[in-house]
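Build the full structure now, drawing on both the sequences and the hints.
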Amino acid sequence: MECIEEAIFKAIKYRKFNSLITETFDLACVQAKEALKKGKTPFPVVVKDCYMTRKVRTTCASRNLSNFIAPYTATIVSRLFKEGGCLIGKANMDEFCMGTSSSKGYFGPVKNGLSDQANLGSDWRSPGGSSGGCAVAVQLGISSVLVFEASDSSSSFHVLYLPPCVRYFEYYRSLGSDTGGSSRNPAAFTGLFGFKPSYGILSRYGLIPLVNSLDCPSVIARTAADCNFLLQAMNGRDALDSTCIDAPPSCFMKGRPIYGMTVGIPKEYYNETLSSECWKGWNEAAKALVALGCKIKEVSMPSTTYSIICYYVLAEADITSNMARYDGVKYGHRSNYDRSTFMLYSATRNESLNEIVRRRISAGNYFLMKWSRQVVQFIKTSGAHDIHYDEYFGQALRVRRLIKMDFDRVFRKEGCDILLTPVTSGIPPLFSEISDTDGYRRECQDDFYTQPCNLAGVPAISVPFMRTADGFPVGVQIIADHLKDGIALDVAEKLYEYSVVKTVKQPSVAK
Numbered sequence: 076m077e078c079i080e081e082a083i084f085k086a087i088k089y090r091k092f093n094s095l096i097t098e099t100f101d102l103a104c105v106q107a108k109e110a111l112k113k114g115k116t117p118f119p120v121v122v123k124d125c126y127m128t129r130k131v132r133t134t135c136a137s138r139n140l141s142n143f144i145a146p147y148t149a150t151i152v153s154r155l156f157k158e159g160g161c162l163i164g165k166a167n168m169d170e171f172c173m174g175t176s177s178s179k180g181y182f183g184p185v186k187n188g189l190s191d192q193a194n195l196g197s198d199w200r201s202p203g204g205s206s207g208g209c210a211v212a213v214q215l216g217i218s219s220v221l222v223f224e225a226s227d228s229s230s231s232f233h234v235l236y237l238p239p240c241v242r243y244f245e246y247y248r249s250l251g252s253d254t255g256g257s258s259r260n261p262a263a264f265t266g267l268f269g270f271k272p273s274y275g276i277l278s279r280y281g282l283i284p285l286v287n288s289l290d291c292p293s294v295i296a297r298t299a300a301d302c303n304f305l306l307q308a309m310n311g312r313d314a315l316d317s318t319c320i321d322a323p324p325s326c327f328m329k330g331r332p333i334y335g336m337t338v339g340i341p342k343e344y345y346n347e348t349l350s351s352e353c354w355k356g357w358n359e360a361a362k363a364l365v366a367l368g369c370k371i372k373e374v375s376m377p378s379t380t381y382s383i384i385c386y387y388v389l390a391e392a393d394i395t396s397n398m399a400r401y402d403g404v405k406y407g408h409r410s411n412y413d414r415s416t417f418m419l420y421s422a423t424r425n426e427s428l429n430e431i432v433r434r435r436i437s438a439g440n441y442f443l444m445k446w447s448r449q450v451v452q453f454i455k456t457s458g459a460h461d462i463h464y465d466e467y468f469g470q471a472l473r474v475r476r477l478i479k480m481d482f483d484r485v486f487r488k489e490g491c492d493i494l495l496t497p498v499t500s501g502i503p504p505l506f507s508e509i510s511d512t513d514g515y516r517r518e519c520q521d522d523f524y525t526q527p528c529n530l531a532g533v534p535a536i537s538v539p540f541m542r543t544a545d546g547f548p549v550g551v552q553i554i555a556d557h558l559k560d561g562i563a564l565d566v567a568e569k570l571y572e573y574s575v576v577k578t579v580k581q582p583s584v585a586k
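Quick note, the sequence shown lines up with residues 76 to 586 if you use our numbering.
If you are wondering where the hints come from, they were derived from the structure by calculation, not from laboratory data.
Nothing false has been slipped in among the hints.
Heads up, simulated EDC-like pairs for lysine to aspartate or glutamate below, C-alpha to C-alpha not over 20 Å straight-line:
hint, residue 1, residue 2
1, 342, 373
2, 157, 101
3, 91, 81
4, 445, 465
5, 112, 77
6, 370, 572
7, 342, 492
8, 130, 98
9, 130, 109
Given below as structure tokens:
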């Protein structure tokens with residue numbers, strides 16, 4: 076019970092960071108007592124507010140669902156509860172998971188724990204997104220397991236990056252989602268591990284959908300071992316999700332030796348948007364893997380160049396379909412301006428969905444336009460070309476297949492065990508730097524490095540590797556072949572241990 080009480084204390088103490096939308100302290104205490112009765116060790120967990128949790132408000136950080144009480148609990152959340160998980164709260168996020176800054180949800184922006192250290196006043200560092208609330212909750216120790224681990228030589232603790240408001244907690248866990256980098260991005264910005272498993276090994280039942288073919292439940296944690304713990308707790312076939320399979324043993328950590336592994340370095344991941352700090356982190360991580368006995372091999376994945384366009388076309392198309400249910404008829408916000416069905420739909424969406432969501436719905440409708448045969452024949456005979464469905468959506472599907480073939484080739488024909496890439500284009504930006512239209516440019520720049528893994532369905536993990544001179548965390552990304560999640564986790568753990576031993580002075584325990 077002590078760890079639950081400590082997590083609740085921290086959640087109250089650090090409310091100014093706005094990491095939680097709904098606090099469930101009473102429920103956590105009840106769950107802790109039930110876990111103890113069943114012989115389980117209770118541990119605090121924070122769940123992103125896009126997962127259904129029965130009798131608890133589930134909002135997706137939107138006015139549309141601001142008062143929606145979920146009638147059932149998501150499959151993987153139920154499995155966490157059975158293992159002793161105690162829900163501290165529902166994490167803040169970008170509205171309906173659309174964004175990479177966690178700054179434009181209905182319940183206000185999430186602030187990176189770095190902001191407290193820098194004393195930035197009204198400005199702050201972005202925690203990334205869309206799972207920014209999950210990352211900050213782990214960063215602040217709200218979602219944690221009380222385990223102390225001293226080094227062999229002193230009473231100091233092995234922590235790569237320690238925000239000033241976090242003291243001596245070592246193991247942290249939260250449940251997020253990842254559609255194009257939504258967990259790996261905030262993990263990199265907060266100095267944590269962000270793990271996106273292979274598509275299909277975790278059930279999506281109860282995860283409010285954004286892009287069905289890309290959405291993947293994910294984990295943000297302090298260690299790769301903690302990522303593995305949650306993966307084992309949540310995996311398993313689910314009859315309520317037709318895409319869900321039983322994870323084979325290759326999906327879990329086994330302490331595999333990484334000596335002799337071949338590490339692919341995709342040359343297309345280096346472009347003009349990559350900052351000097353992230354390039355240095357990428358380069359130093361490659362050197363570290365060589366020191367650990369790995370072989371480096373430059374590879375080419377030419378379809379990566381087109382992946383960001385492919386991703387946005389496919390994502391917007393799915394978003395249009397999934398957002399059609401938020402019409403104010405069966406649940407969610409309903410406008411009083413309902414003189415006709417059309418007016419009801421229009422007013423409800425304008426009142427309850429932010430500009431980003433509405434813009435993506437419009438883009439998806441454009442990409443999916445498909446005229447009748449008569450109109451198509453007229454367009455062809457008139458010399459025009461405006462059949463958007465085939466021109467955009469159909470073409471994006473073909474590019475996605477090429478992206479998957481690139482991954483298959485480097486893993487299965489060129490002999491790479493893993494790929495090493497950047498996670499983000501730079502350090503965490505200030506809110507003032509992304510609050511205008513330039514924020515959309517930064518979003519695309521960061522998504523470039525993460526979304527190919529979602530398009531290919533392969534596992535990827537963001538690893539906190541180093542810090543800049545100003546103390547900002549810099550991560551790298553490790554990618555493995557489909558259903559080879561365990562290799563990525565094992566390499567991530569070894570790389571992190573190397574970075575701790577070689578590059579970070581051990582901090583003393585704050586009193």
